[in-house]
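Trainee: Got chain A; can you put chain B on it based on the hints?
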Amino acid sequence: MTGPEPDEPGSGLESVARVVALEGGVPWLEPEPKASCGGCLSLAACGAKGGGRRALAARRFPLAGAPALRVGERVVVGLPEGAVLRASATAYAVPLLLMVGAGITARGLGAGDGAGALAMLGGLAAGLLIARIIAGLLLGRGDLSPRYLRRVVEGGACSRD
Amino acid sequence: MRDVILLMVSATLVNNVVLARFLGLCSFMGVTTKVDTAVGMGMATTFVITVSSMGDWALEAFLLAPYDLGYLRTVTFILVIAAAVQFTEMVIRKVSPALFRTLGIYLPLITTNCAVLGVALLLVEGRFGFVESTLFAFASSLGYSLVMVVFAGLRERIALAEVPPLMAGPPIGFITAGLLALAFMGFSGISAN
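As you go down the protein sequences, you meet chains A and B in turn.
For the record, in the first sequence the residue sitting at position 132 is 280 according to my numbering, with numbers rising by one throughout.
For the record, in the second sequence the residue sitting at position 47 is 295 according to my numbering, with numbers rising by one throughout.
The set of hints was computed from the structure by calculation and includes no laboratory data.
From the three backbone atoms N, C-alpha and C, an ideal C-beta is built for every residue, glycine too.
Just to be clear, a hint being listed does not mean it is correct.
Computed footprint of chain B on chain A, listed as stretches where at least three residues anywhere in the stretch have a Cβ under 8 angstroms from a Cβ of chain B [said to hold, decoys possible]:
1. 213 to 225
2. 229 to 235
3. 249 to 257
Just chain A, with the same shape it has in the complex:
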């Protein structure tokens, strides 16, 4: 019996990133900021932007398996279908469910606000620990790594290599 086929790159989320460094032949990319609302005419005034310079630098990532790229080049990278779902479930759902479960249990046992708060914080800490273990497994399988899709051609359509 074989496992499920790996998802096709490009069938999931796509994003534009810029090459900011080359280390040992491996390009390091920085994602371009996006707004949560998709952007509108009042974007400049509403402040719904994707973080500052420091926040972007923290999101730099290496891109293995890409063709030769130059610093400053813009490329389209993609996450496989379901990667965000798996990552979200790991990072958010597991800690939240344990925290809420602990709170409901404490409430069911007749705990007051102080004991309930302690139980919930304990659940949150346990959830984050479990999330760390699951994230390690996902990373080992390569489920969280962005993949190279194509170059961005400035002022024209994107080319597929």
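Mentor: Relative to chain A, chain B alone:
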């Protein structure tokens, strides 16, 4: 326990943050073109709303209410939300840098989501205890995520349909959102029974 379940069902379905209270409409229309992005934004928002509600409750109970500082509530809650976003970002970066790179883009954007502040202000109106307050916030944000995912699924299907050119894009999106809100009005019958 029955009270807690009723509180959570009411917050998730009957008084849905997006479709009954009309909060968080920016992200509702902007991040629902794909189910994956909707799930990412929905879960990140759920986490931040729940965590920030704990800080909001503590500040309201121990500072704002006892010293009659209600006029500082909005500013204080915005500060708590921004701190909760930073905290979440730091924790996820520590837990797994790979997870942070995958999901980090959603986090700074949540600060500008009015649903987060809206839920915090609703908590004050509710006058709940700590656990009930956190569960209410969790259930409200779960309602937000549910609507985001349902709407994203509908929009993915609409993208495959032959929509007249004049109606394509935002117009058909708004009509679908209206129909979804009408469908959610059906849940208001639960409270009468």
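Trainee: Hint by hint, note whether the structure agrees.
Mentor: Going through the hints against the structure:
no. : hint       : verdict
1   : 213 to 225 : violated (count 0)
2   : 229 to 235 : holds (count 6)
3   : 249 to 257 : holds (count 5)
The structure fails hint 1 only (numbered hints given earlier).
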